[in-house]
Structure formats: structure tokens, C-alpha cells
Amino acid sequence: MSVGEAVEVTPEELMTINAARELRDGQVCLVGVGPPNAAANLARRLQAPGCVLVYESGAIGAQPVRLPLSIGDDDLAATALELVSVVEMFNLWIGGGRIDVGFLGAAQIDPHANLNTTAIGSYEQPKVRLPGAGGAPEIAACAKSVIVIARQSPRVFVEKLDFVTSLAHREGHTVVITDLGVLRPGSDGELELVALHPGVEVEQAREATGWDLRVADDLERTEPVTQRELDELRELRASARR
Amino acid sequence: MDLRDAISEHVRDGMTVSLEGFTHLIPFAAGHELIRQGRRDLTLVRMTPDLIYDQLIGMGCARKLIFSYGGNPGVGSLHRFRDAVENGWPQPLEIVEHSHAGLANAYAAGAANLPFGVLRGYAGTDLVEHNEQVAFVDCPFTGEQLSAVRAVRPDVTVIHAQQADRHGNVMLWGLAGVQKEAVLAAEVAIATVEEIVDELEARPHSVVLPAWTIAAVCHVPGGAHPSYAAGYSTRDNDFYSAWDEIARDRERFSEWMREHVLSKDEVPA
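Chains as they are written, first to last, in the working numbering: chain A, 1 to 242; chain B, 1 to 269.
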């Protein structure tokens, strides 16, 4: 995919960088495994060095030097301000409403930003058995806002979830970052395409959505990815393999 | 105590067994010993089944799994878990599925000798329909509807810790997961440790489980590999990534288990 002037990025990188842009200094961010982990750590290297990373494994204020593979890597514990038990993490910190931004991924997302991370097909006889809930239901329910990262395709963006794992509609405090653009809930809670990444057409986003996608009247363009953002992300990813 | 003896003395077929450790301090060596001793029909409890339950499930040790996240963190699927749920291989696996908050509170309730734990959450999700251990209760003070999770009371909990002293007091530090709750919720607890020391030193972020809460302490250095023990080892992320390929194929998995677990004598993979 070609973006802006000269910077070539993969869809994955485009998504991660745009998700990272959502974070601000001082925000307390609960980080999940996978792309959210990359995005949150990237934000700390860019515009939000003072973003507080919280991992459900019990690390509060982690400052990993390398990109952790799991949410319980040794680097997280070693650099954290505080370590708490999992029970305390969920009851006092997440359940207690002390998370500003929760980062979530999903295998399926519906028009109201509810998420499925449990199973594709029936629950009893799943076509694909996914990992399951983990911390997502409480993060979705208790964080002040939620950022969902998901590749946009008709298999992922579905009218009806095969299984409702988490309710991520947060009265407007939800943003969904995809490889095509950005969606936010409208006043009735249904997701609306509010921005497209450079070079992406509305039609592509419609085709990649399993329902009749609403498009904002004032549809925007996300800023082209900068060389610095890309360099930092690639350096971060390379650090994970060392 | 010898790990073989501890497992054979305390763990019987059909028991409810919890091997805890949230990413950190996962008791792999003890899991491998369960596999070598051919335990069957276990109800396995763990928040994150991780590679260790992937192995126990794939080797046919489990009848039922109580869990909250069945993935290989940062890598993808647990293929043996998936094969059991999707295809019933090597045998059907009954699943009882929580969120992390739900299962953590179920352990905490068990440790507190309460019949259930209480939390917000689960409302509106399909998890409730498929888990009879989750129900709703009304708060007697505010009337708010809350979720109740039935307490988890394992017959045996096994943990891995950094140290024990010569009296059998066990100390772990770093990410402490739900080990304290899982040990105190259980009828019997077994701890494998990296090191036996004369005296436990006070440390930040440490959890001490007094000797009278632990039935058996076994000296098993490296017993958490490929998970890790802070201060002794680091997480073997390369192995976690490599497991994806090994576990994907039934034959390759079985061969790996024969070579690295069944033919070994209490040596972590």
C-alpha cells in the first residue's frame, strides 16, 4: 500500500500507527496482547512518552525497552512502578475504574462495536475456537474509553456476532481503527466511518464491511504515515526478536 | 520431596487440579510429571491454559477445562486445545469458560471459603449462557444487579516459586498472578522451587506462603521453562513461538512429547 509521498507501509503498520496516535501523555492505558501491545509501546516512543502502560498480568506503569511478546514478559515486571496480583488488578484497578483507555482486538465486531474473541461458528461445535474472553469483558465495561484494532473485512465486520464476548459500545467513547480507516459510534451507538487512510476509497470500506456501512458527512483523511513513525515501529518490532 | 512422589501421592485420576502462574512461574515440570504418570480425566483449572495445558490436553489427561483465556500469548492459537474443542482429539473436552475477572474472583472466593465471588461484568455477554458457574445477584444495599461466580476449590493446586526455606516456607516474587488464591483455595498445594535457601530474605513484590499451607515442596530448578522465574530465568519467547509449529500437527506434537517429556526424568523441556 502506498501512502502519502514516499512512505510504504503494510496494512498492519498503518493500523498500529493510527491506533498509537489516539494515545495522549498521562493517560492510563490497559494494553492487551498483539497489535494493541505494539501500538501502546509505539505511542510511548512518539507523542505520548508519559502514557502509563498497565498490563493485566499485574504490571502498572511498565516501561519495556523491548517490545514484549506476552503481557507477562520479564521486561514488563522489571520496569514496572508497581506489581499487583491478578485479583487486585481486576478488582481494584480495572474494575475500580482506574483505566482511561482500554485497547482491544477482536475476531469479529458488530455495528455497535461489540466484540467476539470466543468462537467462529457455533459455540458447541466451533469452526474456529478462539482464545476466549481474557480480560476483555471487564476492560470493555470498565475503561473510560476503548480503542479497538481490527482488520476490516466482511468476515470480521459482521452484522451479527457468532458469540458476544465483550460489549464495547461506550456511549461514544469507542474508536475502531482498521487498515482502511477509522470508525466511531454515532449518536445511536452504530459505528460510522469517520476517516479513511490516504489512498483508500469509500467503496473499499463498504465492501470490507458485512453490513450497510454508515459514512460520516464530513469524512476525513488520516494523516499520512511519517518516516519517523514507521522507523520507530519497525525498530520496536525488531527489538522483540533480539 | 521428589516431584514424582509428590505428584503420585497427591494427584489421582478424576481430580480437579490447578497449575497456576500468570505467564510467569508456570509449573511446567509438574505438568510434565502429570503427563508421565498418565493421569486421566482431570478437571484442569487455569486462567491461561498456556502451553502446559495444551500439552496435558493433547496427551489426553483432561476431561474438563475451567479457564479464561486459551491462547498462546502474542503468538496465536493453542492448537491442541483447539483440536480437542473443535474435533474432540484425542478426546472430547468439556469447557467452563470465564473472563479473567470472573475466574480470578472464583479463586479468591475459594481461598476465602466463600461460596461465590462477586463482580461487575458478564452482563450482556454470551459467556453467561454457557457457564452454569456464573449467575446474577442483586446487591442487598443498592439493588444493583451484579455477577456471581461460583468459588473454585481445586483438590490440588501446583505452583512454581523462586525459593523455599528449609522449613518449607515458599516465596515467590515478580508477577504473582493468582497463585496465593489458588493455593489457599485448594485442599492440597504442591510447590516446585528454583532454590532451597537457609533463610528467605524480604523482597519487594513478594508473596510468602507459609509451610503449613503447602503439602509438598520439591526442588526443581528450571521447572517453569519455557515460562520463567524472575531472578533465575527469562521467558523463552522463541520456544513459545516455535510451539505454534510443533503443536499444529498431531503427529509432530506426539513425537515432541515422546522425545522431550515422556522419555525424560523430571527434566524441564
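Simulated from the structure, these hints should not be mistaken for lab results.
Any given hint could be a false lead.
[Said to hold, decoys possible] List of simulated lysine to any residue pairs, SDA-like, C-alpha gap at most 20 Å:
id: 1; chain 1: A; residue 1: K160; chain 2: A; residue 2: E235
id: 2; chain 1: A; residue 1: K127; chain 2: B; residue 2: T43
id: 3; chain 1: B; residue 1: K64; chain 2: A; residue 2: K144
id: 4; chain 1: A; residue 1: K127; chain 2: B; residue 2: E86
id: 5; chain 1: A; residue 1: K127; chain 2: B; residue 2: V261
id: 6; chain 1: A; residue 1: K127; chain 2: B; residue 2: D165
id: 7; chain 1: A; residue 1: K127; chain 2: B; residue 2: R250
id: 8; chain 1: A; residue 1: K144; chain 2: A; residue 2: Q27
id: 9; chain 1: A; residue 1: K160; chain 2: B; residue 2: D126
[Unchecked claim] With the Cβ distance kept under 7 Å, some of the chain B side facing chain A (calculated, not the full set):
id: 10; residue: T23
id: 11; residue: G71
id: 12; residue: P73
id: 13; residue: V85
id: 14; residue: W89
id: 15; residue: H100
id: 16; residue: A101
id: 17; residue: T125
id: 18; residue: H205
id: 19; residue: N237
[To be verified] The following residues of chain A were derived to be distant from chain B, with all beta-carbon distances above 12 Å:
id: 20; residue: D25
id: 21; residue: L76
id: 22; residue: L83
id: 23; residue: G95
id: 24; residue: E124
id: 25; residue: R129
Since we're looking at a predicted model, the values are computed, not measured.
Ideal Cβ placement from N, Cα and C applies to all residues, glycine included.
Outcome of the hint check:
1. A:K160 with A:E235: Violated. A:K160 to A:E235 sits at ~38 Å, over the 20 Å cutoff.
2. A:K127 with B:T43: Between A:K127 and B:T43 the Cα gap is close to 24 Å, so the pair fails against 20 Å, i.e. violated.
3. B:K64 with A:K144: violated, 36 Å
4. A:K127 with B:E86: holds, 7 Å
5. A:K127 with B:V261: Given that 20 Å is the threshold and the Cα spacing comes to 31 Å, the pair is violated.
6. A:K127 with B:D165: Outside the cut-off at roughly 49 Å; violated.
7. A:K127 with B:R250: holds, 18 Å
8. A:K144 with A:Q27: Holds: A:K144 and A:Q27 sit about 11 Å apart, inside 20 Å.
9. A:K160 with B:D126: holds, 13 Å
10. T23: holds, 2 Å
11. G71: With a minimum Cβ separation of about 3 Å from chain A (threshold 7 Å), the hint on B:G71 holds.
12. P73: Holds - the Cβ of B:P73 comes within 7 Å of chain A, reaching about 4 Å at its closest.
13. V85: holds, 4 Å
14. W89: violated, 12 Å
15. H100: holds, 4 Å
16. A101: Holds, about 4 Å.
17. T125: This interface hint holds because 5 Å falls under the 7 Å limit.
18. H205: holds, 4 Å
19. N237: holds, 4 Å
20. D25: Correct as stated: the minimum Cβ-Cβ distance to chain B is 26 Å, above 12 Å.
21. L76: violated, 8 Å
22. L83: Contrary to the label, A:L83 does not stay out of reach of chain B, its closest Cβ about 4 Å off (not over 12 Å).
23. G95: violated, 6 Å
24. E124: violated, 9 Å
25. R129: violated, 4 Å
In summary, the structure is inconsistent with hints 1, 2, 3, 5, 6, 14, 21, 22, 23, 24, 25 from the numbered list given earlier, while agreeing with the others.
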